[in-house]
Amino acid sequence: MLEVVLSFLILTGAVFTFIGSLGLARLRDFYTRLHGPTKATTLGVGSLLIASALFFGTRGEGVSLHEVLVTLFLFITAPVSAHLLAKAALHLGLRSLAPVPEEPAVPPDGNPEAHPGHKQH
Amino acid sequence: MMRFLPHPLLTPILAAVWLLLNNSLAPGHILLGLLLGWAIPWFTLRFWPERVRIHRPMKLLRFVAVVLYDIVVANLVVARRILGRPERLRPAFVSVPLSLETDLAISLLANTICLTPGTVSARLAPDRKCLLVHGLHVPDAEALVAGIKARYEAPLKEVFEAC
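These protein sequence lines map, in sequence, to chains A and B. Counting along the first sequence from 1, when you hit position 93 you're at 92 in numbering that gives the first Met the number 0, and nothing is skipped either side. Counting along the second sequence from 1, when you hit position 136 you're at 135 in numbering that gives the first Met the number 0, and nothing is skipped either side.
Chain A with its partners taken away, still in its complex shape (with noise of 0.2 Å):
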């Protein structure tokens, strides 16, 4: 019974890790494609990760926690590296499908160390 659970989960995992690379092939500029990887894959790795907990909760050795770890740290550097990406594709001004807004001024304050990616040139 554990063992149909268990590559159910695993199944499940790798499809949505695959769906999620396939994005990167079949979307069309860099903006969508970024949600194919960021998106799809963070169910995949979770039931990956579900499934290690589940098999080595129960070999007797007593709870393995490093999952919950995994998870927290995936969910904090995911989306960071999501937001980075995006704004570093609106810096360089790559193709997008959606129309671009406009590049805000330069703040107020007019320091731009503090706004390294919004400096004069």
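These aren't lab readings, by the way, just hints derived from the structure by calculation. Be aware that a few hints might be false.
To be verified - Derived DEER-like restraints, expressed as beta-carbon distance ranges:
1) B:R45 - A:L71: 21 to 27 Å
2) A:E2 - B:W41: 45 to 51 Å
3) A:I75 - B:E157: 20 to 26 Å
4) A:I75 - B:R61: 19 to 25 Å
5) B:L67 - A:F54: 19 to 25 Å
6) B:Y68 - A:V79: 19 to 25 Å
7) B:S106 - A:P98: 25 to 31 Å
Every residue gets a Cβ at the ideal spot worked out from N, C-alpha and C, and that includes glycine.
Model the placement of chain B on the given structure of chain A, informed by the hints.
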């Protein structure tokens, strides 16, 4: 108290992370974890100058549950859009006006937006008044903004900036 423990909340969190890393509840590890939880906030004080206050812990738990549920939904929705016809997607940039003010609340909101249905936060305006969000498929921009404000921003504001 304030000088001795610059971030009272960070200490138990760091200690818990230490215990999870070691997967152990031995007294030695608890002591070491508390020691790290006391020392690390000192070294990161300049990085994190404002004091974090959680006004309504229950509200925060509810928010976390809502976000976890949304993450699962987001995965299914994005997976279906990827497998569907990409030509039909209508990506758009949407500007979300912010009413949050503290750094922590704004970064939590940006992170949440990145984790949930088909949206990635792309740029915070230098004056912190609005957040630019890229949506994978946005048929109705106003509904998206209203949804983000009601579902994520309002609880964050209550938890971290109770008025």
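Going down the list of hints, with the structure as the test:
{"no.": "1", "hint": "B:R45 - A:L71: 21 to 27 Å", "in the structure": "holds (24 Å)"}
{"no.": "2", "hint": "A:E2 - B:W41: 45 to 51 Å", "in the structure": "holds (49 Å)"}
{"no.": "3", "hint": "A:I75 - B:E157: 20 to 26 Å", "in the structure": "holds (22 Å)"}
{"no.": "4", "hint": "A:I75 - B:R61: 19 to 25 Å", "in the structure": "holds (20 Å)"}
{"no.": "5", "hint": "B:L67 - A:F54: 19 to 25 Å", "in the structure": "holds (22 Å)"}
{"no.": "6", "hint": "B:Y68 - A:V79: 19 to 25 Å", "in the structure": "holds (22 Å)"}
{"no.": "7", "hint": "B:S106 - A:P98: 25 to 31 Å", "in the structure": "holds (27 Å)"}
The structure agrees with every numbered hint stated previously.
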